[in-house]
Structure formats: C-alpha cells, structure tokens
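Protein chains in written order, with our numbering: chain P, 1 to 324; chain S, 1 to 344.
Calculated from the structure, these hints are not laboratory results. Watch out, some of these pointers could steer you wrong.
To be verified - Which stretches of chain P does chain S cover? Using the computed rule of at least three CB atoms under 8 Å from a CB of chain S, they are:
1) 36-43
2) 50-57
3) 99-112
4) 115-122
To be verified - Examples of chain P residues lying across from chain S (beta carbon under 10 Å, computed):
5) ASP21
6) ILE68
7) PHE86
8) VAL89
9) PRO141
10) ALA195
Given the structure is predicted, the values throughout are model-derived calculations rather than measurements. Built from N, CA and C at the ideal position, the CB exists for glycine as well.
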Amino acid sequence: MSKIAYRDAVRDAMSEEMARDSRVFLIGEEVAQYNGAYKCSKGLLDKFGPDRVIDSPISEAGFAGLAIGAAMYGLRPIAEFMTFSFSFVAFDQIVNNAAQIRYMSGGQIKIPLVFRGNSGGGHQIGATHSHAPEAIYSSFPGLKVVVPAFAADAKGLLKSAIRDDNPVLVIENEALYGRESEVPEGEYLTPIGKANVLQPGTDLTIVTHGRSCWTVLEANQELLKMGIRAEIIDLRSIKPLDWPTVFASVRKTHRLVCVDETKPFAGVSSQVAAEVQRACFDHLDAPILRVTSVEAPMPFSSALEDECIPNVARIIEAVKQVVA
Amino acid sequence: MTQKPLPTGAGILATTLPMPDYGKAPELSRDDRLEWYRLMYLTRKFEERTYQSYQTGLIGGFCHLYNGQEAVAAGTFAAITEADPVITAYRDHAHGLMRGIRPGPAFAELYGRATGIVKGKGGSMHYFNVDKQMWGGHGIVGGQTALGLGLAFATKYLGEQRVCFCYMGDGAVNQGAFHESLNLAQLMKIPVIYVIENNMYSMGTAVERHSAPVELYKRASGYDMLGVRAEAQDFDQVREIAWTLAERARKENLPAILELMTYRYRGHSMSDPQYYRSKDEVEEYRKFDPVEILRNRILSEGTVNEKDLEALEDKVRKEVQEAHEWALASPYPSQSEIYTDIYA
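All chains, full assembly: derive it from the sequences and hints.
The following block contains the structure:
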C-alpha cells in the first residue's frame with residue numbers, strides 16, 4: 001500500500017481502464033494538451049493519442065451530448081467537466097437524455113458513460129463555481145452518483161463507474177486533488193452503492209461524504225479528546241445509497257449527525273434524515289441534526305466562505321447537542 | 001401572414017459551398033422504389049388513423065403528425081442503408097415506421113399498451129428501434145442534435161464508414177445544443193448530416209418570426225460547413241441530394257446541413273387550432289403532395305400498373321386497420337413495469 005495524491009488516483013483509474021478497453025475514451029475541456037485543468041489526465045494524451053484523449057471547446061451541452069450519443073452506440077466515454085458547476089450548462093443532456101433514454105426506449109438502450117470532475121466550494125471561486133451538485137443529480141432516476149473522498153476510492157469508484165453500464169457521475173473535489181492517502185497496489189475497484197465505516201463508534205453516528213469526510217475526521221480529534229466516540233460513515237455513493245449500513249449504525253448508536261456540503265434544502269443530509277427517522281424511529285434518542293452548506297450563494301470573501309461550508313466548529317457544536 | 005414559397009421542381013435551391021460531385025446515386029430497383037412508396041403510403045394512412053384515434057380520445061398527451069412531409073424521411077432514408085444511424089425529434093412516426101417499427105407496436109405505443117414499441121414508456125414522441133439504427137424519438141427541441149453528433153462520432157471512432165442522419169424541425173435551429181453540435185461536427189470532422197425539416201412553422205411561429213436569417217441552411221456558413229437548401233416533396237430528388245451528402249460524409253468525414261423545404265398539413269400537434277395560417281395556404285400545398293408525386297411517377301413510368309398499385313394500397317389500409325385493432329386489444333402494462341428499464 002502506497003500513498004498517492006487523489007488526482008493521480010483519478011489518472012491511474014482512467015489510464016488502466018483505457019488500456020483495458022479500447023471503447024473507453026476521454027473528452028473534455030483541456031484534458032489533452034493541457035493535461036487537465038487539475039492535472040487529472042496528465043500523460044494520457046501521450047499514452048493514448050488524440051483519438052482517445054480529446055480536447056473539447058468550451059461547449060458543455062455539445063460534448064456532453066456527444067458523449068451520451070457515443071455511449072448509446074456502445075462506446076464507454078469519460079466526459080470531464082472542468083467543474084460540475086459547468087455541468088448545469090449541459091443539464092438537459094444529463095437529466096433528459098443520459099438519465100432517461102434507457103427508460104423511454106423501453107430498455108432498448110444502455111448508456112455506459114462517466115461524467116466526472118471537480119466540485120464544491122472553499123477556494124474563493126465564487127457562487128457560480130462552487131456548487132456541490134450531488135443531491136440535485138441524485139433526484140433523477142437513471143443516474144448513479146458517487147463522491148470519492150480518498151485516493152483509494154477516487155481510483156476504485158472511477159474504475160467501477162467506467163465499467164458500469166449506466167451513466168455514473170463521479171463528483172470529485174478541488175480541495176482533495178492534492179491530498180495523499182493510501183491506495184492498494186494493483187487492480188482496485190470500489191463497489192458502487194457501498195458505504196465505508198471510517199471509524200467504528202458507539203456514542204453517535206456521523207454520516208458524511210466527499211470533502212466533508214476530512215473535516216469530520218479533523219473534528220473527530222477534538223471529539224476523542226472530549227471522550228466522544230463517533231461511528232463515522234463515508235457514504236461514497238449517494239445514488240444508490242447504502243441504507244443498511246446507515247440504519248445498522250443508527251440502531252447501534254441511537255444518535256445521528258449528518259454532515260455534507262450540499263444545501264440544507266433537499267440536500268443529501270435531508271434525505272438521510274428523512275429515511276433514518278422512518279426506518280429507525282424507535283431507536284433514536286435525540287433529534288437528527290444536519291451540518292450542511294448554508295442557505296446562501298457562496299460568497300467570495302474567505303471570512304464568509306469558511307462559515308458557509310461545514311467546518312470543524314459547526315460539526316462539534318452539532319455533536320455536542322446530539323449527545324447531550 | 002407572409003406568402004410561403006411553393007415548390008418549383010428545381011430540387012437544390014441554394015448552397016453555402018459548391019455542391020460536391022460524387023456522380024449519380026445508384027439506381028433504386030423497381031421493387032425497392034415501390035417499397036419506399038409503400039412506406040410513404042403506410043405513413044400517411046397510419047397518421048390518418050392516428051388523427052381519428054386522437055379525436056376519439058384513444059391517445060393521451062402530445063401527438064405530432066407527419067402528413068405532407070413523407071418524402072423527407074423516405075427520400076433521405078433511401079439514400080443511406082439500415083446500418084446508418086438515424087435520430088429525430090418528436091415528429092417521429094414516419095422515421096419509426098420507415099425503420100422497421102410495425103404498425104401494430106407503433107399504434108400500441110400511442111395507446112399506452114404493453115405491446116408498444118417501447119412498452120408504453122415513451123409514447124408518440126419516443127419511438128425507438130435500435131435493431132434498425134433508429135435512435136429515437138426525442139422530446140426536447142434540439143436536444144437530439146448533440147446525440148446525433150455522438151452517434152456519428154462513435155461510427156467514426158469504430159472505423160465503420162457510416163453516416164448519421166439527424167433530423168430536426170425548423171424551430172430547433174435557434175437552440176444552443178444545435179449550434180454547439182455544428183461547431184463540434186465541423187471541428188472534429190464527424191460524419192453527421194443535420195436534416196432540417198423546414199415545414200415553415202415552429203409550432204405556430206412562422207420562420208420569419210423565429211429566425212433572423214430565414215434561410216436556415218446558411219447557419220452552416222458560421223461553421224465553414226456545407227449547407228444545402230432543397231425542395232422536399234419529390235422523393236427521387238430528395239434521395240439524390242441526400243445521397244451526395246452521405247457519400248461526402250462517408251468518404252471525407254464532413255458534416256452538412258440539409259434544409260428540406262416541406263409542409264405539414266396538420267397542426268403542430270393535435271391541440272393546434274392553426275390560427276396562424278389560412279386554409280387556402282394549406283390547400284395550395286396539398287397540390288404538391290409527396291405521396292401523390294411518387295405515385296404518379298411510378299405509374300407514368302409504366303413499371304407498375306394502376307391495378308397492382310391499388311392492390312398494394314388496399315393491403316396497406318387493411319394492415320393499418322388490423323394493426324389499430326390489435327393495438328386496442330393489447331393489454332396495458334403491469335404496474336411493476338414502472339420500475340423496470342431504469343438501470344441496465
């Protein structure tokens with residue numbers, strides 16, 4: 001097991017799958033000659049050539065639709081959004097075509113397609129560039145949505161997504177690209193739809209995903225000093241979501257805090273809270289609390305932005321309330 | 001209301017670049033030509049029965065008829081092979097019937113039955129028959145233009161030397177997805193032909209009220225692409241022009257716009273009272289009926305006699321009536337079907 005950066009794990013996943021299957025190709029803005037806006041496709045042009053690593057003009061609806069059409073025909077495209085905030089320019093293609101053509105064709109068509117790219121706030125890039133879109137896309141049946149937090153899953157989930165016969169959105173995070181963590185040697189796949197227990201615990205359950213996993217782990221250092229042992233669950237996959245793992249944990253700890261970077265209204269945490277109160281009502285000893293982004297567009301100033309996404313202070317405050 | 005141009009028989013009306021020369025399209029055999037006539041006639045009779053069924057409440061939702069435009073689908077399909085992918089918008093009954101969807105499953109889909117071509121999950125706007133490279137049937141105006149680009153890209157990626165014909169109405173030319181697709185097609189040299197079925201109206205908005213340049217083929221100029229405007233009531237003319245563009249796409253991976261000037265006799269959809277045009281205008285166009293034009297030519301050439309042609313037409317009318325009855329007798333889908341075909 002060696003430590004590698006998240007962005008290199010993304011690249012390794014694409015490189016291995018492109019070597020394995022000639023139907024896999026990469027298209028997106030700056031993915032080829034520039035080596036990726038976040039260097040996730042570094043070296044791939046040299047390795048696979050311009051027919052399979054394709055620079056698109058800034059034309060999200062166009063290249064997203066191209067990828068969907070190519071997937072309908074039997075290729076296995078990886079389409080990179082420089083950031084998922086730009087995926088909204090291609091929203092019609094994703095939610096009407098990628099998500100629904102299989103259904104509307106009565107099952108005649110498969111769409112083995114990956115949309116992947118950066119997401120999230122925290123970098124002073126303003127409201128238009130800071131969206132965490134996983135809750136939005138998870139509300140469309142036909143799509144799968146995964147959000148890797150660590151290098152191993154950045155590789156393993158992406159490889160699984162490329163081999164999946166459905167459209168899978170792999171939502172990465174700019175803050176994580178440079179972070180190193182352990183990745184098993186050789187072939188490594190993370191199953192889609194399986195959560196990961198980052199730390200077993202008994203006092204409460206914290207359900208989180210994506211970049212917030214790191215923030216929760218940081219907060220956990222404080223919680224441990226306070227004698228609070230949380231069971232921390234990284235969802236990894238938002239759609240489908242691993243309900244059995246979440247329910248089993250809450251039935252054990254009887255308390256739940258949800259932490260994630262989506263908005264408070266109809267966000268991922270909203271969904272988790274609704275399902276847990278239904279399935280685990282008799283097991284709950286406290287109200288479920290949520291720590292999410294706030295009900296405002298993302299401001300530019302770092303003094304404001306730091307308060308708008310889940311941070312250590314807000315997590316600890318919520319945990320204290322729930323275990324009180 | 002502006003007077004619409006009537007067909008002149010000229011065929012090609014204008015191009016943005018010189019029309020390429022690949023010689024003449026291969027001759028269609030007598031039987032093949034008769035089969036295209038049969039499919040045009042079938043489409044006309046299918047749509048007439050569909051009109052009645054809609055009026056009597058057998059069809060719910062949206063429904064867009066093809067009457068008057070038959071030579072567009074038939075003439076262009078006859079220029080390519082069934083290995084070449086086609087994709088269109090929601091006025092898709094003709095494209096489905098001419099790419100292998102039997103009238104029974106076609107009616108059953110309109111009636112929301114389990115035996116429908118897409119199991120009652122798509123309806124009128126979403127005919128698919130992937131076995132014959134018919135990739136839909138799409139409901140969002142212009143959305144399919146990027147998909148057609150992707151289908152064509154895939155054929156090139158796989159080295160198949162195929163061409164994708166992507167159909168759209170004149171109302172789709174102002175959508176962003178279309179312009180993005182044009183740029184990508186020319187930039188990446190993708191063998192896709194965008195066939196604009198210009199029936200003069202985007203729903204109820206006439207071309208001159210929806211497009212700053214009313215000559216829609218000129219949209220190609222902005223992308224250094226070949227654009228061709230042609231008349232579209234004559235099957236043979238349409239086929240010849242479409243064949244040339246298909247050859248060019250196959251041999252040189254070059255896309256094109258083919259704007260075909262046509263006319264729909266019925267409203268945009270079934271709920272259209274057609275306040276925006278006169279009955280006289282419609283009657284003027286009925287004098288250039290594509291089904292009649294091909295029928296008269298076949299008879300004048302003497303390869304088929306009137307009696308045999310009438311027998312063929314009788315058979316089609318009977319087939320349509322039987323298909324309608326079969327579809328009506330078909331069961332509705334079971335409730336469990338709601339949750340199938342969502343994921344592969």
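Structure-based check of each hint:
no. : hint    : in the structure
1   : 36-43   : violated (count 0)
2   : 50-57   : holds (count 4)
3   : 99-112  : holds (count 12)
4   : 115-122 : violated (count 0)
5   : ASP21   : violated (13 Å)
6   : ILE68   : holds (6 Å)
7   : PHE86   : violated (13 Å)
8   : VAL89   : holds (9 Å)
9   : PRO141  : holds (5 Å)
10  : ALA195  : violated (19 Å)
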